[in-house]
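J.: Note that the protein sequences, when read in sequence, are chains S and G. When we follow our numbering, the leftmost residue of the first sequence carries the number 286, and every step to the right adds one. When we follow our numbering, the leftmost residue of the second sequence carries the number 35, and every step to the right adds one.
Treat the hints as calculated values from the structure; they're not laboratory data. A few of these clues could be false.
Covered by chain G, per the in silico footprint, the following chain S stretches (three or more residues, Cβ under 8 Å) [claimed, not checked]: (1) 290–303; (2) 349–361; (3) 381–391; (4) 489–499; (5) 595–603.
Below are the DSBU-like pairs computed for lysine-lysine, each with C-alpha atoms no more than 35 Å apart in a straight line [said to hold, decoys possible]: (6) G:Lys307 <-> G:Lys325; (7) S:Lys338 <-> G:Lys174; (8) G:Lys325 <-> G:Lys44; (9) G:Lys174 <-> S:Lys403; (10) S:Lys403 <-> G:Lys49; (11) G:Lys44 <-> G:Lys303; (12) S:Lys520 <-> S:Lys289; (13) S:Lys547 <-> S:Lys580; (14) G:Lys325 <-> G:Lys49; (15) G:Lys146 <-> G:Lys49; (16) S:Lys289 <-> S:Lys338; (17) G:Lys308 <-> S:Lys338; (18) G:Lys303 <-> G:Lys49; (19) G:Lys49 <-> G:Lys128; (20) S:Lys403 <-> G:Lys343; (21) S:Lys580 <-> S:Lys520; (22) G:Lys174 <-> G:Lys325; (23) G:Lys44 <-> G:Lys146; (24) G:Lys49 <-> G:Lys127; (25) G:Lys307 <-> S:Lys343; (26) S:Lys403 <-> G:Lys127; (27) G:Lys146 <-> S:Lys403; (28) G:Lys174 <-> G:Lys343; (29) S:Lys616 <-> S:Lys520.
Since the structure is predicted, the reported quantities are computational estimates derived from the model, not experimental observations. Idealized CB from N, CA, C, for every residue including glycine.
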Amino acid sequence: MARKISMKQAINEALDQEMTRDPSVIVMGEDIVGGAGGDGERDAWGGVLGVTKGLYAKHGDRLMDTPLSESAYVGAAIGAAACGMRPVAELMFIDFMGVCFDQIFNQAAKFRYMFGGKAETPVVIRTMVGAGFRAAAQHSQMLTPLFTHIPGLKVVCPSTPYDTKGLLIQSIRDNDPVIFCEHKNLYGFEGEVPEASYTIPLGEASLAREGRHVSIITYGLMVHRALEAAAQLAKDGIDVEIVDLRSLSPLDIDTVLDSVTKTGRAVCVDEANPRCSIAADISAQVVQHAFGALKAGIEMVAPPHVPVPFSPVLEDLYIPSSAQIAAAARKTMQGARQ
Amino acid sequence: MADTPLGLSKSELLKAYRTMRTIREFEERLHVDFGRGDIPGFVHLYAGEEAAGTGIMLHLGDGDRIASTHRGHGHCIAKGVDVVEMMKEIYGKKGGSCHGKGGSMHIADLSKGMMGANGILGAGAPLVCGAALAAKFRGKGEVAISFVGDGASNQGTFLESLNLAAVWNLPAIFVVENNGYAESTSRDYAVAVDSYVDRAAGFGLPGVTVDGTDFFAVYEAAGEIIRRAREGGGPSLLECKMVRFFGHFEGDAQTYRGAGEVDDIRTHKDCLKKFRHEVTVAGVLSADDLKDVDEEVAALIEHAVREAKAAPLPTEADLTTDVYVKY
Numbered sequence: 286m287a288r289k290i291s292m293k294q295a296i297n298e299a300l301d302q303e304m305t306r307d308p309s310v311i312v313m314g315e316d317i318v319g320g321a322g323g324d325g326e327r328d329a330w331g332g333v334l335g336v337t338k339g340l341y342a343k344h345g346d347r348l349m350d351t352p353l354s355e356s357a358y359v360g361a362a363i364g365a366a367a368c369g370m371r372p373v374a375e376l377m378f379i380d381f382m383g384v385c386f387d388q389i390f391n392q393a394a395k396f397r398y399m400f401g402g403k404a405e406t407p408v409v410i411r412t413m414v415g416a417g418f419r420a421a422a423q424h425s426q427m428l429t430p431l432f433t434h435i436p437g438l439k440v441v442c443p444s445t446p447y448d449t450k451g452l453l454i455q456s457i458r459d460n461d462p463v464i465f466c467e468h469k470n471l472y473g474f475e476g477e478v479p480e481a482s483y484t485i486p487l488g489e490a491s492l493a494r495e496g497r498h499v500s501i502i503t504y505g506l507m508v509h510r511a512l513e514a515a516a517q518l519a520k521d522g523i524d525v526e527i528v529d530l531r532s533l534s535p536l537d538i539d540t541v542l543d544s545v546t547k548t549g550r551a552v553c554v555d556e557a558n559p560r561c562s563i564a565a566d567i568s569a570q571v572v573q574h575a576f577g578a579l580k581a582g583i584e585m586v587a588p589p590h591v592p593v594p595f596s597p598v599l600e601d602l603y604i605p606s607s608a609q610i611a612a613a614a615r616k617t618m619q620g621a622r623q
Numbered sequence: 035m036a037d038t039p040l041g042l043s044k045s046e047l048l049k050a051y052r053t054m055r056t057i058r059e060f061e062e063r064l065h066v067d068f069g070r071g072d073i074p075g076f077v078h079l080y081a082g083e084e085a086a087g088t089g090i091m092l093h094l095g096d097g098d099r100i101a102s103t104h105r106g107h108g109h110c111i112a113k114g115v116d117v118v119e120m121m122k123e124i125y126g127k128k129g130g131s132c133h134g135k136g137g138s139m140h141i142a143d144l145s146k147g148m149m150g151a152n153g154i155l156g157a158g159a160p161l162v163c164g165a166a167l168a169a170k171f172r173g174k175g176e177v178a179i180s181f182v183g184d185g186a187s188n189q190g191t192f193l194e195s196l197n198l199a200a201v202w203n204l205p206a207i208f209v210v211e212n213n214g215y216a217e218s219t220s221r222d223y224a225v226a227v228d229s230y231v232d233r234a235a236g237f238g239l240p241g242v243t244v245d246g247t248d249f250f251a252v253y254e255a256a257g258e259i260i261r262r263a264r265e266g267g268g269p270s271l272l273e274c275k276m277v278r279f280f281g282h283f284e285g286d287a288q289t290y291r292g293a294g295e296v297d298d299i300r301t302h303k304d305c306l307k308k309f310r311h312e313v314t315v316a317g318v319l320s321a322d323d324l325k326d327v328d329e330e331v332a333a334l335i336e337h338a339v340r341e342a343k344a345a346p347l348p349t350e351a352d353l354t355t356d357v358y359v360k361y
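Just chain S, with the same shape it has in the complex:
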């Protein structure tokens, strides 16, 4: 029986093991050690939510607290990556990407192609995503579609501690820039994780649940909501298959199409706002490549197209629920294409 650890611990372990394995791996970000220059503990915080706690004691100055200057330090991580390092930059919340977006989408994403294949940019930008923390409009977004839209970036958003460790290690070893999205409401989620180092390839979806009747395609926290929905639906004899995309770019569309071809029904679930979302993209690709297999129209479950609200009652309404997902699945079971 493997031990169980939280997603937060899985991230910490992945960073620790890669820093131990490869001296070119460095980690930087705001408060990631937490305590630089003060009179108290040198590593007081270990990140705002303690994800990198304890790494400074082992790896010292390869972990660097930064000024609150996202453009400068995210750009520095990218520049160091182009010069032989493997930096992992922590950008506290994906909502802060606006401050340093140029460095990500005009610099990191472009180097390899724009320089004719002569540059590699092995940088990972770890960032918290998602709602449910009562953190309101500027600390709760799921901006995965923004990054998935940009060629040259890879985008990962795991749902379990096991996937998190394997995907983060793979992302650090990958030679392209990776936006590694960690759902803040999954940090405490526990699961079985081997102690030894291992990798999971980017661009491979997994089946969180196998089933025959309807395919739910999603990622991140929504995988868990889909699992809850599947449990409800099973009571009514509806057998749900859940495709956990795990990485959004590259995207394992083959697994999605195989599943939809098998079940004939698709529900695309996204915590991102609906317009130009991952769910919209998957829906379009399913229609394009597996239209003939569909027994019903594709359903899409996403928040309303509004910013994330603060009031807990509103935020709970905003986040797609297992009941909404179950209702969408039931709808596909009723619909019969002629």
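Got chain S; can you put chain G on it based on the hints?
T.: For chain G alone, coordinates are given in the frame of chain S:
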């Protein structure tokens, strides 16, 4: 070592002149060929500014990194990027520095420590912090240099980078190439301080201003700053006051410039004329020495243009290489 009154050996002076002459010839030729419609896209020329890039880059090796600007041809040449490959790149041809995928604004050669010209103003400064950080970890005394114009010196990326470099004590150097114009807007209008030395001081960095049309002044000031960075003394800012012979981009009518302004700077502030004067008056290089270089460079640029025009175009297969395409 210096064996002349000018502090550089004859071969170093010939190298400096050859570099500046190559940049001038390259840019003057592009000006003509662009006007003829031979070259696609946007082109920003470095003519008039040669002494700055050359005086700085002579202190660098391939392990030292630079990040350039949209006006990057001169930096590329001075950093040792192959001139024929550059010309092919500007023509959008196969065999260009970036296989025709970058163009004038994005020429790079990482093997020469050239991290790219950049279409985004000020974007190179954070990247150079990273290059300097990598150099610090490597511990071989390498440095990294960010070039910005006076215009991009107002970008947040640049200002943040000054602070980060100072906080981390990085072997980073920030060169402000002050040619008096941010595109069409005067530096005096758009930069609130009179002196970049003051701006550097505000971020905790030493700053120096030099006449960027004086190769020897640039060479000396850059040497001191680069030596300090190599020895762990941290970052600095170097302002080079210089002049732009052409417009912001090719095709710019430059009606924002005063009457006779360009004629005046070409007459009185031409860094190549100044260099020729200094070395010949000092008796270190003869007019014949310089003429030999002029002829050699003219032949090189002619060769580069011929090669670029003859080079094959990229094919459809090249469209989807060098990036992860499958989605």
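J.: Give a verdict on every hint.
T.: Against the structure, the hints:
Closer than 8 Å: that is the beta-carbon criterion, and the region 290–303 of chain S has 0 residues meeting it against chain G, so the requirement of 3 is violated. Coverage of the region 349–361 of chain S by chain G holds in this model, with 10 residues showing a Cβ closer than 8 Å to a Cβ of that chain against a need of three. A stretch counts as covered by a chain when three or more of its residues have a beta carbon under 8 Å from one of that chain; for the region 381–391 of chain S and chain G the count is 3, and the coverage holds. With 0 residues having a beta carbon nearer than 8 Å to a beta carbon of chain G, the region 489–499 of chain S misses the requirement of three or more and the stated coverage is violated.
Counting residues of the region 595–603 of chain S whose C-beta sits closer than 8 Å to any C-beta of chain G gives 0, which falls short of three, so the coverage hint is violated. As the CA atoms of Lys307 of chain G and Lys325 of chain G are separated by approximately 13 Å, the hinted pair is consistent with the 35 Å bound. In summary, the hint linking Lys338 of chain S to Lys174 of chain G is supported, as the alpha carbons are separated by about 31 Å, within the 35 Å threshold. The suggested pairing of Lys325 of chain G with Lys44 of chain G holds, with an alpha-carbon distance near 15 Å, which does not exceed 35 Å.
With a CA separation close to 23 Å, the supplied pair Lys174 of chain G and Lys403 of chain S stays within the 35 Å bound. For the proposed pair Lys403 of chain S and Lys49 of chain G, the alpha carbon gap of about 27 Å is at most 35 Å, so the pair holds. Between Lys44 of chain G and Lys303 of chain G the CA atoms are separated by roughly 24 Å; this keeps the pair inside 35 Å, and the hint holds. Under the criterion of a C-alpha separation no larger than 35 Å, the hint pairing Lys520 of chain S with Lys289 of chain S is consistent with the structure, at around 29 Å.
Among the hinted pairs, Lys547 of chain S with Lys580 of chain S is consistent with the structure: their alpha-carbon atoms are about 11 Å apart, no more than 35 Å. Taking the CA atoms of Lys325 of chain G and Lys49 of chain G, the gap is near 14 Å; set against the 35 Å cutoff, the hint holds. Between Lys146 of chain G and Lys49 of chain G the alpha-carbon distance is near 17 Å, which keeps this suggested pair within the 35 Å criterion. Between Lys289 of chain S and Lys338 of chain S the alpha-carbon distance is near 19 Å, which keeps this suggested pair within the 35 Å criterion.
Taking the CA atoms of Lys308 of chain G and Lys338 of chain S, the gap is near 59 Å; set against the 35 Å cutoff, the hint is violated. For a cut-off of 35 Å, the pair hint linking Lys303 of chain G to Lys49 of chain G stands: about 21 Å separates their Cα positions. Restraint check: the Cα-Cα separation between Lys49 of chain G and Lys128 of chain G comes to about 29 Å, which is no more than 35 Å; the hinted pair holds. Under the criterion of a C-alpha separation no larger than 35 Å, the hint pairing Lys403 of chain S with Lys343 of chain G is consistent with the structure, at around 23 Å.
A C-alpha spacing of about 22 Å is found between Lys580 of chain S and Lys520 of chain S, which places the hinted pair at or below 35 Å, so the restraint holds. Our distance criterion of 35 Å between C-alpha atoms is broken by Lys174 of chain G and Lys325 of chain G, whose separation comes to about 39 Å. Distance check on the hinted pair: Lys44 of chain G and Lys146 of chain G sit about 24 Å apart at the alpha-carbon level, within 35 Å; holds. Annotation: proposed proximity of Lys49 of chain G to Lys127 of chain G holds, straight-line Cα distance about 29 Å (limit 35 Å).
Proposed proximity of Lys307 of chain G and Lys343 of chain S is contradicted: the alpha carbons are some 58 Å apart, above 35 Å. In summary, the hint linking Lys403 of chain S to Lys127 of chain G is supported, as the alpha carbons are separated by about 16 Å, within the 35 Å threshold. Annotation: proposed proximity of Lys146 of chain G to Lys403 of chain S holds, straight-line Cα distance about 11 Å (limit 35 Å). Restraint check for Lys174 of chain G and Lys343 of chain G: the C-alpha separation of about 41 Å exceeds 35 Å, so the hint is violated.
For the hint pairing Lys616 of chain S with Lys520 of chain S, the CA-to-CA distance comes to about 16 Å; that is within 35 Å, so the pair holds.
Hint compliance for this structure: hints 1, 4, 5, 17, 22, 25 and 28 are not met, and every other hint is.
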